[in-house]
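Number of protein chains: 4
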Amino acid sequence: MRGHAARSAAVFVTPRHAPPRAGSVRLRVRYSECDPMNVAHHAAYAPWLEIGRTELLRVAGVSYAQLEQAGVFLVIVSLEVRYRRPVLYDDVVEVRTRVEHASKVKIRHAYDIVVVERAGRPIEESAAGALTTLACVDREGRVTLLPTWLAGE
Amino acid sequence: MRGHAARSAAVFVTPRHAPPRAGSVRLRVRYSECDPMNVAHHAAYAPWLEIGRTELLRVAGVSYAQLEQAGVFLVIVSLEVRYRRPVLYDDVVEVRTRVEHASKVKIRHAYDIVVVERAGRPIEESAAGALTTLACVDREGRVTLLPTWLAGE
Amino acid sequence: MRGHAARSAAVFVTPRHAPPRAGSVRLRVRYSECDPMNVAHHAAYAPWLEIGRTELLRVAGVSYAQLEQAGVFLVIVSLEVRYRRPVLYDDVVEVRTRVEHASKVKIRHAYDIVVVERAGRPIEESAAGALTTLACVDREGRVTLLPTWLAGE
Amino acid sequence: MRGHAARSAAVFVTPRHAPPRAGSVRLRVRYSECDPMNVAHHAAYAPWLEIGRTELLRVAGVSYAQLEQAGVFLVIVSLEVRYRRPVLYDDVVEVRTRVEHASKVKIRHAYDIVVVERAGRPIEESAAGALTTLACVDREGRVTLLPTWLAGE
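Residue numbers (the working numbering), protein chains in the order written: chain A, 1 to 153; chain B, 154 to 306; chain C, 307 to 459; chain D, 460 to 612.
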């Protein structure tokens with residue numbers, strides 16, 4: 001049930017090709033993500049951003065699940081979100097993610113959250129912008145270098 | 154921001170055709186849905202079921218958002234889940250939903266949650282079964298009849 | 307960061323005294339737990355029940371965190387909730403938990419969720435009832451016997 | 460069930476005394492808030508901050524629920540969190556909240572999230588810092604002035 005066996009295998013994970021610097025993913029807003037103001041609760045955005053940056057990895061041929069199995073854990077050190085317009089229940093949002101900066105130990109992603117469908121009709125409305133910074137830790141939680149294919153100069 | 158204006162319009166909502174009795178939707182398990190046991194936390198399943206039954210409505214041409222705008226609120230009166238096997242981070246689950254029974258005032262849905270992708274490879278593993286019963290209330294929270302196209306005999 | 311080191315220590319965990327068969331804990335309903343119907347979303351109840359049964363352990367002098375560190379994982383195998391009356395934002399709910407049955411491998415808890423404060427005033431309104439069944443697994447996810455002090459005949 | 464009746468009553472809400480500029484509230488970290496890294500997931504912090512600023516209002520004798528019933532909705536326009544050290548399952552965190560700045564239309568809160576109990580023992584470990592900015596909207600979602608007792612110069 002726990003997959004700890006998998007973790008103990010020191011797998012060497014390298015992507016099939018360089019991960020893209022930008023990408024996007026679409027998500028439909030869940031009823032359980034919305035609050036009494038009839039809009040997506042602001043805490044719901046953080047998992048959307050996480051999906052945005054995870055899908056960037058997947059396009060390169062590596063899942064974040066594989067990274068963790070190989071002992072590479074990406075932890076968030078900062079999160080900033082600007083909420084510009086409300087996102088409604090049943091909207092489809094597109095999370096547009098790009099690598100804004102990468103060093104040997106940190107990656108900074110920038111995000112636009114854009115409503116692309118509302119009430120069944122296509123629209124294009126920027127709802128929020130965000131920035132996150134991730135660092136890399138090992139199984140014991142010690143800060144470590146990013147895998148070279150993720151790191152910058 | 155709140156959409157209350159929309160609510161005051163008494164829209165008459167009827168589907169384009171009879172809603173299907175069964176359908177399915179696929180979801181990728183989010184990191185934020187998983188717990189220290191490295192599996193999807195059991196509370197995460199309830200929103201998946203909600204998405205399952207909502208997508209049944211959408212296939213009929215009605216979104217649940219439209220129902221609420223028309224003053225029709227579906228509230229859950231019972232939930233039962235049998236957890237058989239763990240669901241892992243990054244798995245793709247298929248929520249297979251069917252209308253098990255409908256009366257004039259309640260609908261009962263049955264669900265299978267099946268893992269259909271794990272570690273990037275297709276599998277077919279039934280992870281959980283569930284039942285929910287919904288009743289219908291109006292804007293003031295009074296129990297009311299289901300819309301006839303949703304109701305049974 | 308991960309506490310895996312702690313897990314590798316095979317700690318023998320026994321409570322200071324037999325765990326009580328019943329107990330209660332109070333929680334204030336969070337805004338983020340409420341949905342566009344202006345009530346606590348039904349998925350929010352599952353974590354409340356989890357807190358209810360965890361606090362029973364704590365009264366006996368054992369935290370669930372200690373159990374996991376000792377390699378004892380309690381996993382949910384079934385959940386049933388009857389939702390009778392809505393719970394509102396800012397309500398204080400009391401989760402009343404009791405051990406309904408325990409065997410060598412499973413524990414069944416029964417719960418009442420009672421609203422005890424609304425709009426700053428004391429009330430006593432039973433809002434929901436629930437049942438959960440837990441089994442015990444080891445670090446590798448294999449079903450195992452419950453610790454004897456938790457198990458029944 | 461919905462409380463819309465309550466919303467239509469235009470209640471005039473004023474606190475019994477000026478709201479304090481700073482305060483704190485303690486919360487025990489829930490299992491459902493923790494992720495496969497065995498720490499509180501970063502999205503869980505946003506509801507903690509919300510509780511922190513809500514409890515500041517309560518000390519002044521006004522609940523946020525009363526404000527919404529009176530047609531005053533506080534919406535978040537920016538969120539910044541610095542995650543310094545992990546917060547573990549079952550930790551008790553203290554959310555220390557203060558009003559950093561208030562204008563006629565916005566309030567800025569600053570927060571420290573401090574672990575004050577771990578594994579049953581008192582500690583004092585600053586885990587995160589945060590800033591939020593709130594604006595005020597009416598029932599139709601139009602930006603409006605803050606209630607004067609909340610607003611700054």
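Just so you know, the hints here were simulated from the structure itself, not pulled from any lab data. Being a predicted model, the structure only gives us computed values, none of them experimental. Glycine is no exception: its CB is placed at the ideal position from the N, C-alpha and C atoms. Heads up, a few of these hints could be off.
[Unchecked claim] Sample of chain C residues with no beta-carbon within 12 Å of chain B, all distances over it, derived:
hint, residue
1, R332
2, A352
3, G367
4, A376
5, V381
6, S384
7, R390
8, V422
9, A425
10, G435
11, T450
12, L451
13, A457
[As the list claims (entries may be wrong)] Derived DEER-like restraints, expressed as beta-carbon distance ranges:
hint, chain 1, residue 1, chain 2, residue 2, range
14, C, T450, A, L145, 38 to 44 Å
15, A, K104, B, A272, 26 to 32 Å
16, D, R580, A, H17, 26 to 32 Å
17, A, R142, C, T450, 30 to 36 Å
18, C, T450, A, S126, 50 to 56 Å
19, A, T14, C, T450, 36 to 42 Å
20, C, P428, A, R121, 33 to 39 Å
21, C, T454, B, R174, 56 to 62 Å
22, B, A175, A, A18, 42 to 48 Å
key: Structure versus earlier hints, numbers of those that do not hold, lowest first   = 2, 5, 6, 7, 10, 16, 20 and 21
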